[in-house]
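Top line first, the protein sequences correspond to chains A and B.
The opening position of the first sequence corresponds to residue 1 in our numbering, with each subsequent residue numbered one higher.
The opening position of the second sequence corresponds to residue 1 in our numbering, with each subsequent residue numbered one higher.
With a straight-line Cα cutoff of 25 Å, these simulated SDA-like cross-link-like pairs (lysine to any residue) come out:
| # | chain 1 | residue 1 | chain 2 | residue 2 |
| --- | --- | --- | --- | --- |
| 1 | A | K7 | B | K110 |
| 2 | B | K115 | B | D157 |
| 3 | A | K26 | B | Q113 |
One side only, chain A facing chain B, incomplete, derived with CB under 8 Å:
| # | residue |
| --- | --- |
| 4 | R19 |
| 5 | D64 |
| 6 | V96 |
| 7 | K109 |
Note that these hints are calculated values from the structure, not bench results.
From a predicted model like this one, the values you see are computed outputs, not experimental measurements.
Where a beta carbon is used, it is the ideal one built from N, C-alpha and C, also for glycine.
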Amino acid sequence: MADKNMKFLVVDDFSTMRRIVRNLLKELGFTNVEEAEDGVAALQKLRSDSFAFVVSDWNMPNMDGLTLLQTIRADAALKHIPVLMVTAEAKKENIVAAAQAGASGYVVKPFTAATLDEKLNKIFQNMESKASA
Amino acid sequence: MDNIANTPSNSQVLETPFDTIVMHPETGRTLPVAAAAGTGNAEGSVADKVIGQVGHLTRTLHDSLRELGYDKRLEEAASQVPEAQDRLAYVAVMTEQAAERSLNATEIAKPIQDKLAADAAHLSGLWKQVVDTQGSGPLDAEALKSLVTQTRNYLDDVPNKTSATNAQLLDIMMAQDFQDLTGQVMKKITSMVKHLEQELLQLLLDNIPVDKRGDAGAGMMNGPVVNPEGRGDVVTNQNQVDDLLASLGF
Numbered sequence: 001m002a003d004k005n006m007k008f009l010v011v012d013d014f015s016t017m018r019r020i021v022r023n024l025l026k027e028l029g030f031t032n033v034e035e036a037e038d039g040v041a042a043l044q045k046l047r048s049d050s051f052a053f054v055v056s057d058w059n060m061p062n063m064d065g066l067t068l069l070q071t072i073r074a075d076a077a078l079k080h081i082p083v084l085m086v087t088a089e090a091k092k093e094n095i096v097a098a099a100q101a102g103a104s105g106y107v108v109k110p111f112t113a114a115t116l117d118e119k120l121n122k123i124f125q126n127m128e129s130k131a132s133a
Numbered sequence: 001m002d003n004i005a006n007t008p009s010n011s012q013v014l015e016t017p018f019d020t021i022v023m024h025p026e027t028g029r030t031l032p033v034a035a036a037a038g039t040g041n042a043e044g045s046v047a048d049k050v051i052g053q054v055g056h057l058t059r060t061l062h063d064s065l066r067e068l069g070y071d072k073r074l075e076e077a078a079s080q081v082p083e084a085q086d087r088l089a090y091v092a093v094m095t096e097q098a099a100e101r102s103l104n105a106t107e108i109a110k111p112i113q114d115k116l117a118a119d120a121a122h123l124s125g126l127w128k129q130v131v132d133t134q135g136s137g138p139l140d141a142e143a144l145k146s147l148v149t150q151t152r153n154y155l156d157d158v159p160n161k162t163s164a165t166n167a168q169l170l171d172i173m174m175a176q177d178f179q180d181l182t183g184q185v186m187k188k189i190t191s192m193v194k195h196l197e198q199e200l201l202q203l204l205l206d207n208i209p210v211d212k213r214g215d216a217g218a219g220m221m222n223g224p225v226v227n228p229e230g231r232g233d234v235v236t237n238q239n240q241v242d243d244l245l246a247s248l249g250f
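Using the sequences and the accompanying hints, generate a full structural model.
Given below as structure tokens:
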């Protein structure tokens with residue numbers, strides 16, 4: 001089972017959405033959650049502290065979610081961190097681009113608590129099978 | 001040659017650049033002053049020709065705008081934009097406040113509900129212990145008495161907890177009042193945007209030939225899909241997202 005103490009970074013330019021994701025993570029037992037309002041702030045946090053999971057929006061100022069994802073995957077210290085995209089972008093080309101850039105999952109807004117739970121667990125399972133491989 | 005640059009121009013700053021473009025008396029075509037002055041240099045360079053044509057088009061458009069009164073119409077339509085911006089800011093503030101209020105209420109109500117459930121589970125466990133696991137023997141009177149008291153206390157407290165939760169639910173309901181206000185404001189913004197669109201469209205239609213209109217690319221930052229009807233390039237629910245990813249091998 002996933003470590004309930006694992007540190008999450010929630011990245012979204014709307015504080016309401018960050019709060020909702022934080023509360024949903026709390027429901028699932030994850031209380032170690034930090035927030036960032038765009039890709040630049042997210043990278044600062046990721047590079048100065050140790051995070052186990054990133055949940056990120058796409059459409060943000062300063063640095064968008066796709067660029068953040070690509071930067072994480074290109075950074076030797078960060079590339080192993082799972083990144084779940086949670087975004088309103090619903091064009092097929094967005095989904096394909098995110099998958100090709102190395103997103104660990106893609107949740108489209110508006111989403112349900114059940115969906116977020118399911119996608120998180122799927123990623124945890126993948127992490128576990130990779131770790132035991 | 002009648003040099004328009006020499007006629008008394010109006011004091012408007014906008015007019016000045018156009019006054020440097022000379023009107024040819026016979027053809028009515030405009031030429032930049034420099035090209036008109038150098039009559040011995042008949043062909044001029046290719047660059048001068050292009051500049052001349054652009055200048056001509058710009059002059060024509062400018063004159064059309066003025067003569068047909070478009071500048072006034074666009075000015076009037078554009079003047080509503082700051083107010084529309086204020087209105088949009090209002091909508092953003094109202095919805096944010098409503099969201100905050102609702103989230104606050106749920107964060108207050110949740111622990112109350114959790115405690116209610118936890119206490120009930122605890123008591124239920126005690127009842128099981130005292131009554132169900134005794135078999136056919138006599139029940140422990142002291143334990144039973146204590147359990148009855150605890151249970152009665154719990155039951156007396158339930159209305160307090162539920163009324164506290166109801167108060168939060170009421171607050172969530174009331175927080176939805178933003179919808180009425182933002183709805184009215186957005187109607188106004190929609191009508192303003194429609195008006196501006198009509199003015200601009202009219203201007204374009206009157207000045208640009210159909211075959212010159214291109215298609216601007218959409219990019220990847222489009223926001224939520226408002227109207228998916230008839231579109232084959234978007235998904236409309238999580239299942240479609242999952243199917244697409246699966247089909248790509250992810």
